[in-house]
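Following my numbering, the numbering of the sequence shown begins with 67 at its first residue and continues without gaps.
Simulated from the structure, these hints should not be mistaken for laboratory data. Heads up, the beta-carbon is just placed ideally off N, CA and C, and yes, glycines get one too. Any given hint might turn out to be false.
Unchecked claim - No farther apart than 20 Å at their CA atoms in a straight line, the calculated lysine to any residue pairs in the SDA-like style are these:
hint, residue 1, residue 2
1, Lys252, Gln221
2, Lys227, Gly199
3, Lys192, Asp118
4, Lys154, Glu208
5, Lys175, Pro117
6, Lys288, Lys154
7, Lys255, Asn222
8, Lys259, Glu249
9, Lys128, Thr270
10, Lys142, Lys156
11, Lys227, Lys175
12, Lys142, Lys154
Claimed, not checked - Computed spacing ranges between beta-carbons, pair by pair:
hint, residue 1, residue 2, range
13, Glu246, Thr217, 22 to 32 Å
14, Lys252, Pro130, 14 to 24 Å
15, Asn107, Pro253, 21 to 31 Å
16, Tyr106, Glu84, 32 to 42 Å
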Amino acid sequence: MNLKRSYLSDFVSLLFPELCAACHETLLANEHLICTSCLYNLPYTNFHLQPDNIVARQFWGKIPIEAAYTLFYFAKGGNVQNLMHQFKYKGMQQIGHLLGKMAGEQLIKNDIFNTVDFIIPVPLHKKRMQQRGYNQSTCFAEGLAEKLTGTVDDQNLIRLKATETQTHKSRFERFENMLEVFEVKKPEKLLNKHVLLVDDVITTGSTLEACGTCLLKIPGLKLSIATIAYAE
């Protein structure tokens, strides 16, 4: 019976081969979601080894953070963009979990991230959530939680209103667009806790700054930030 299943699986793979979510080449039998070549050659930042990295510097003088990190550099037309497209728009939630575990394996080497109490994803508005069916930042957070000690809390920080597209706005306009968008439902739960705020891609950091500003109203809260990719 197992032999028959193996033959059937091989036949199905010939007709419908699984493709790497990054380069779209056919995956080998022992590969999952991302091929070995891409796993080795993706543009890792290694920001877990650089306390004053580019992402951390985006928040200097704006909000106090313990540490900031991103897994990849993002370039248009590159393999990271392919990954993010499959993840956000093609329903491949498992990519987010995998990338979260990959990021977590780096972050456990950094003492600051080992003190995280809660991992909080940037929330989607309920209308966007209904359209997409899942929050990509929550998928990433769940992968991180498999490696870090923090617990995922995706119910406490909420988005009160939908916002306009940020694509063609300046950094100030983006931040202004996010004012009074977020709210913490149970701030007492986060008193004196270390929160890791996570999102998929960071560009100007305005969304993360707005979320962070909201969270940092809570007494004693320490804030760190992690994303999948950094787009210059």
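Going down the list of hints, with the structure as the test:
no., hint, result
1, Lys252 to Gln221, "holds, 9 Å"
2, Lys227 to Gly199, "holds, 18 Å"
3, Lys192 to Asp118, "violated, 35 Å"
4, Lys154 to Glu208, "holds, 15 Å"
5, Lys175 to Pro117, "holds, 13 Å"
6, Lys288 to Lys154, "violated, 29 Å"
7, Lys255 to Asn222, "holds, 9 Å"
8, Lys259 to Glu249, "holds, 17 Å"
9, Lys128 to Thr270, "holds, 12 Å"
10, Lys142 to Lys156, "holds, 18 Å"
11, Lys227 to Lys175, "violated, 37 Å"
12, Lys142 to Lys154, "holds, 15 Å"
13, Glu246 to Thr217: 22 to 32 Å, "holds, 27 Å"
14, Lys252 to Pro130: 14 to 24 Å, "holds, 22 Å"
15, Asn107 to Pro253: 21 to 31 Å, "violated, 43 Å"
16, Tyr106 to Glu84: 32 to 42 Å, "violated, 19 Å"
Violated hints, listed in ascending order, are 3, 6, 11, 15, 16; each of the other numbered hints is respected by the structure.
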